[in-house]
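Participant: Spelled out, the chains give:
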Amino acid sequence: MNTNSVMDSIRIQIPSIVENIRIVESFIDNTKDVYDINDDIYGNIMISVTEAVNNAIKHGNKENPDKKVALALSFQENAVSFSIEDEGPGFDSTKLEDPTAPENIDKPGGRGIFLMRHLADEVHFKNNGRTVDLVFYFP
Amino acid sequence: MKYTIDKQEKYLLIQLHEAKLDATVSPQLKSEFVTLNAEGYKNLILDLSQVKYIDSSGLSSILVGNRLANDAEGAFVLAGVTDHVMKLIKISQLDSVLDILPTVQEAIDSVFFSELESQLGTEESDDKA
Numbered sequence: 001m002n003t004n005s006v007m008d009s010i011r012i013q014i015p016s017i018v019e020n021i022r023i024v025e026s027f028i029d030n031t032k033d034v035y036d037i038n039d040d041i042y043g044n045i046m047i048s049v050t051e052a053v054n055n056a057i058k059h060g061n062k063e064n065p066d067k068k069v070a071l072a073l074s075f076q077e078n079a080v081s082f083s084i085e086d087e088g089p090g091f092d093s094t095k096l097e098d099p100t101a102p103e104n105i106d107k108p109g110g111r112g113i114f115l116m117r118h119l120a121d122e123v124h125f126k127n128n129g130r131t132v133d134l135v136f137y138f139p
Numbered sequence: 140m141k142y143t144i145d146k147q148e149k150y151l152l153i154q155l156h157e158a159k160l161d162a163t164v165s166p167q168l169k170s171e172f173v174t175l176n177a178e179g180y181k182n183l184i185l186d187l188s189q190v191k192y193i194d195s196s197g198l199s200s201i202l203v204g205n206r207l208a209n210d211a212e213g214a215f216v217l218a219g220v221t222d223h224v225m226k227l228i229k230i231s232q233l234d235s236v237l238d239i240l241p242t243v244q245e246a247i248d249s250v251f252f253s254e255l256e257s258q259l260g261t262e263e264s265d266d267k268a
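Protein sequence lines, in the order shown, are assigned to chains A and B. Using my numbering, you'd call the opening residue of the first sequence number 1 and step up by one each time. Using my numbering, you'd call the opening residue of the second sequence number 140 and step up by one each time.
Some clues are possibly wrong.
[As the list claims (entries may be wrong)] Here are the computed lysine-lysine pairs in the DSBU-like style, where the Cα-Cα straight-line distance is at most 30 Å:
# : chain 1 : residue 1 : chain 2 : residue 2
1 : B       : Lys141    : B       : Lys191
2 : B       : Lys146    : B       : Lys191
3 : A       : Lys107    : B       : Lys229
4 : B       : Lys169    : A       : Lys62
What the hints contain is simulated information worked out from the structure, not anything from laboratory work.
Make the full structure from the sequences, and use the hints.
Facilitator: Have a look at this one:
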């Protein structure tokens, strides 16, 4: 039996192409099967991680396929953490507009990080916004 | 993007055959809305019963469809919204902006009803501002 607090960790790197989000999705699908994650948490993970990877591909690496997005996963006893890192210039995660404000509510964009903050139990931006850590607790 | 379109006289029904409405699918859905709007279809029903998960790009494409229909004084109705998709719509507070009905049939009925109302000229002015 494994008694370490960190039970498992995996890291992948993908070129910054939007279609590569499919790789991330199947990566998350695999973890769902291996660790028996329930449907609601799976949905929260799926959407939050794909939002973070999309931001890394589009806004961080500007869809430059020579730049990579790194995705790391680590399992603890009561939680799973994802770390998403790009090679872009970073950004100020404290200066974001509220997408539910009346002037923004029907704007098409600006919801990605807002959704991550609602779906993940913890969201930490590091490294001037180039890295985001997402933590999901198990019930 | 896998989908079917049912073109009727009064409305157009789009049924998405995708489990995820994400960044790999949403741009196509958005351009489909733009094309249909340009072709003069103003009443759209989007059947999301097969979509289990949606991300911000998916919500974005739906908002574009909604705005195009509203600008054309038509209807844009979502039907068959599943649990996790509804959760994201509510988190984003888009349930205050979008027309959402449980089934396609109810969506069709509501389109017919609002068409009838506007023909009779008894429609109370909606706040479109």
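Participant: I'd like to know which numbered hints this structure contradicts. Please list them from smallest to largest.
Facilitator: Those not satisfied: there are none.
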